[in-house]
Amino acid sequence: MYTVMLKAKLHMARVTHAVLDYEGSCAIDGELLDMSGIRENEQIQIYNVANGQRFTTYAIRAEEGSRVISVNGAAAHLAGEGDRVIICAYAHYSDSELDAHQPALVYLQEGNRVSHTSHAIPVQMA
Numbered sequence: 001m002y003t004v005m006l007k008a009k010l011h012m013a014r015v016t017h018a019v020l021d022y023e024g025s026c027a028i029d030g031e032l033l034d035m036s037g038i039r040e041n042e043q044i045q046i047y048n049v050a051n052g053q054r055f056t057t058y059a060i061r062a063e064e065g066s067r068v069i070s071v072n073g074a075a076a077h078l079a080g081e082g083d084r085v086i087i088c089a090y091a092h093y094s095d096s097e098l099d100a101h102q103p104a105l106v107y108l109q110e111g112n113r114v115s116h117t118s119h120a121i122p123v124q125m126a
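In my numbering, the protein residues as written are 1 to 126.
Incorrect hints may appear among the rest.
To be verified - Derived DEER-like restraints, expressed as beta-carbon distance ranges:
#1 VAL19 x ALA100: 38 to 46 Å
#2 HIS17 x LEU98: 36 to 44 Å
#3 GLU23 x ALA126: 20 to 28 Å
#4 TYR93 x GLU23: 27 to 35 Å
#5 GLU40 x MET125: 19 to 27 Å
#6 GLN124 x TYR22: 15 to 23 Å
#7 GLY80 x GLN43: 21 to 29 Å
#8 ARG54 x ALA120: 20 to 28 Å
Simulated from the structure, these hints should not be mistaken for laboratory data. Each residue gets a CB set at the ideal place from its N, CA and C atoms; glycine is no exception.
Throw the hints in and build the complete structure from the sequences for me.
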């Protein structure tokens, strides 16, 4: 049996561009892709913190070091320039892989600069 688990997350990215007349996808700074382990053309989920929209698209590589997060095509109706988003990738893991699995979590600050990374989401306190 396989379980779908969080593979990678870019937490609190800032949308830098929303381009309606572009082939649908999400362009992400190549350095952020590499750091998170999200691959080009990989399916991603985007959660818009500003308006609650949640949608599926795929990642494309933006110029390394550009800090670009560009929501393109029809998805540009769901996230606009300046919105904060969480970008997640998921993968299927076998039972034997689950104990060792740790997601790659990349936390971003203003300017889509990395504030820190982790492999575990903090426990939520009551």
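### Message
Between the beta carbons of GLY80 and GLN43, is the distance compatible with 21 to 29 Å?
### Response
Given about 22 Å between the Cβ atoms, the range holds.
### Query
Is the gap between the beta carbons of VAL19 and ALA100 within 38 to 46 Å?
holds, 39 Å
### Query
Can the suggested window of 20 to 28 Å be confirmed for the beta-carbon pair GLU23 and ALA126?
violated, 45 Å
### Query
Per the hint of 27 to 35 Å, is the separation of the Cβ atoms of TYR93 and GLU23 within bounds?
Check passed, 31 Å falls within 27 to 35 Å.
### Query
Taking the beta carbons of ARG54 and ALA120, is their distance inside 20 to 28 Å?
holds, 23 Å
#### Entry: Whether the CB-CB distance between GLU40 and MET125 falls inside 19 to 27 Å
violated, 38 Å
### Query
Does the hinted range 36 to 44 Å hold for HIS17 and LEU98 at CB?
holds, 37 Å
### 15 to 23 Å as the expected CB spacing between TYR22 and GLN124, which holds or is violated
violated, 37 Å
Checked against the numbered hints given earlier, the structure breaks hints 3, 5 and 6 and satisfies all the rest.
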